[in-house]
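Q: Listed here are the chains, written in short residue letters.
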Amino acid sequence: KQEVTQIPAALSVPEGENLVLNCSFTDSAIYNLQWFRQDPGKGLTSLLLIQSSQREQTSGRLNASLDKSSGRSTLYIAASQPGDSATYLCALGGSGGSNYKLTFGKGTLLTVNP
Amino acid sequence: KAGVTQTPRYLIKTRGQQVTLSCSPISGHRSVSWYQQTPGQGLQFLFEYFSETQRNKGNFPGRFSGRQFSNSRSEMNVSTLELGDSALYLCASSLASPMNTEAFFGQGTRLTVV
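As they're listed, the protein sequences go chains A and B. Take the first sequence: its position 96, counting from 1, is numbered 96 in my numbering, and each next residue is one higher. Take the second sequence: its position 48, counting from 1, is numbered 48 in my numbering, and each next residue is one higher.
To be clear, the hints were calculated from the coordinates, so they are not data collected in a lab. Do not rely on the hints blindly, as some may be mistaken.
Said to hold, decoys possible - In silico DSS-like links for lysine-lysine, alpha-carbon gap of 27 Å or less:
hint	chain 1	residue 1	chain 2	residue 2
1	B	K57	A	K1
2	A	K68	A	K1
3	A	K106	A	K68
4	B	K57	A	K68
5	A	K1	A	K106
6	B	K57	A	K42
7	A	K42	B	K13
8	B	K13	A	K68
9	B	K57	B	K13
10	A	K106	A	K42
As the list claims (entries may be wrong) - Sample of chain B residues at the chain A side, in silico, Cβ under 8 Å:
hint	residue
11	G16
12	G28
13	H29
14	S33
15	G42
16	F45
17	R55
18	N59
19	F60
20	P61
21	L90
22	M99
23	E102
24	G106
C-beta: ideal position from N, C-alpha, C; glycine also.
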């Protein structure tokens with residue numbers, strides 16, 4: 001069974017800082033990995049999708065990497081802003097032999113202080 | 001283009017009642033998945049539908065059921081509600097499968113059971 005761990009569970013940084021969020025998983029047999037953000041009480045917003053054959057994806061100030069062999073992904077946020085405050089979730093597609101589903105970590109709660 | 005639409009946004013039900021939640025996917029998307037989100041358990045997979053067929057089901061009791069219509073709209077039903085069913089229910093749509101295409105989520109339905 002796939003286990004997904006996100007560290008740290010919570011992170012507070014001053015505005016402008018560059019930061020890294022971590023996601024680790026136990027089964028490397030995945031189809032893809034997706035990063036989401038969730039604002040309080042809201043749905044999930046897709047940030048980046050990395051296919052299993054890719055090593056990284058970039059969108060604006062966000063960069064996500066994937067290392068299947070070590071079971072790790074990182075989300076790098078450059079020049080953080082207060083509007084980046086949210087919970088960030090990683091999700092694995094088709095992992096651990098479970099088809100047609102995403103397996104989520106518990107998330108990292110990010111607070112960016114002005 | 002329009003995103004994933006979930007209705008209603010909020011529901012308050014009494015223990016023992018039943019409830020039906022609705023999800024309209026992005027136009028052209030044929031895969032619809034449902035997830036339950038609670039503070040303690042995080043996001044847990046309920047089921048996934050494609051072309052009116054359930055392809056995968058999570059580890060939930062039979063009180064939780066769903067269906068998909070020919071226009072890809074999906075409904076989930078929870079019968080004999082329990083206090084523990086209080087949660088944010090999220091629907092996701094994908095072109096073909098959340099395993100290898102990007103998943104887009106709706107804003108969710110907040111269900112409170114009293």
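Q: State for each hint whether it applies.
A: Against the structure, the hints come out as follows:
1. B:K57 <-> A:K1: This hinted pair holds, its Cα atoms lying about 15 Å apart.
2. A:K68 <-> A:K1: holds (16 Å)
3. A:K106 <-> A:K68: Satisfied, since the Cα-Cα distance of roughly 20 Å is no more than 27 Å.
4. B:K57 <-> A:K68: Status holds; Cα separation ~26 Å.
5. A:K1 <-> A:K106: holds (16 Å)
6. B:K57 <-> A:K42: At roughly 24 Å apart (the allowed maximum being 27 Å), K42 (chain A) and K57 (chain B) satisfy the hint.
7. A:K42 <-> B:K13: Within the cut-off at roughly 20 Å; holds.
8. B:K13 <-> A:K68: violated (44 Å)
9. B:K57 <-> B:K13: Given that 27 Å is the threshold and the Cα spacing comes to 24 Å, the pair holds.
10. A:K106 <-> A:K42: holds (16 Å)
11. G16: Violated. Min distance 26 Å.
12. G28: violated (16 Å)
13. H29: violated (13 Å)
14. S33: Since chain A brings a Cβ to about 7 Å from S33 (chain B), closer than 8 Å, the hint holds.
15. G42: At 5 Å from the nearest chain A Cβ, G42 (chain B) passes the 8 Å test, so the hint holds.
16. F45: Nearest chain A Cβ about 4 Å off; hint holds.
17. R55: holds (5 Å)
18. N59: Not OK, violated: N59 (chain B) not within 8 Å of chain A, min 11 Å.
19. F60: With a minimum Cβ separation of about 13 Å from chain A (threshold 8 Å), the hint on F60 (chain B) is violated.
20. P61: This hint is violated: P61 (chain B) lies away from chain A, its Cβ roughly 18 Å from the closest one there, beyond 8 Å.
21. L90: holds (6 Å)
22. M99: holds (3 Å)
23. E102: holds (5 Å)
24. G106: holds (5 Å)
Checked against the numbered hints above, the structure violates hints 8, 11, 12, 13, 18, 19 and 20; every other hint is satisfied.
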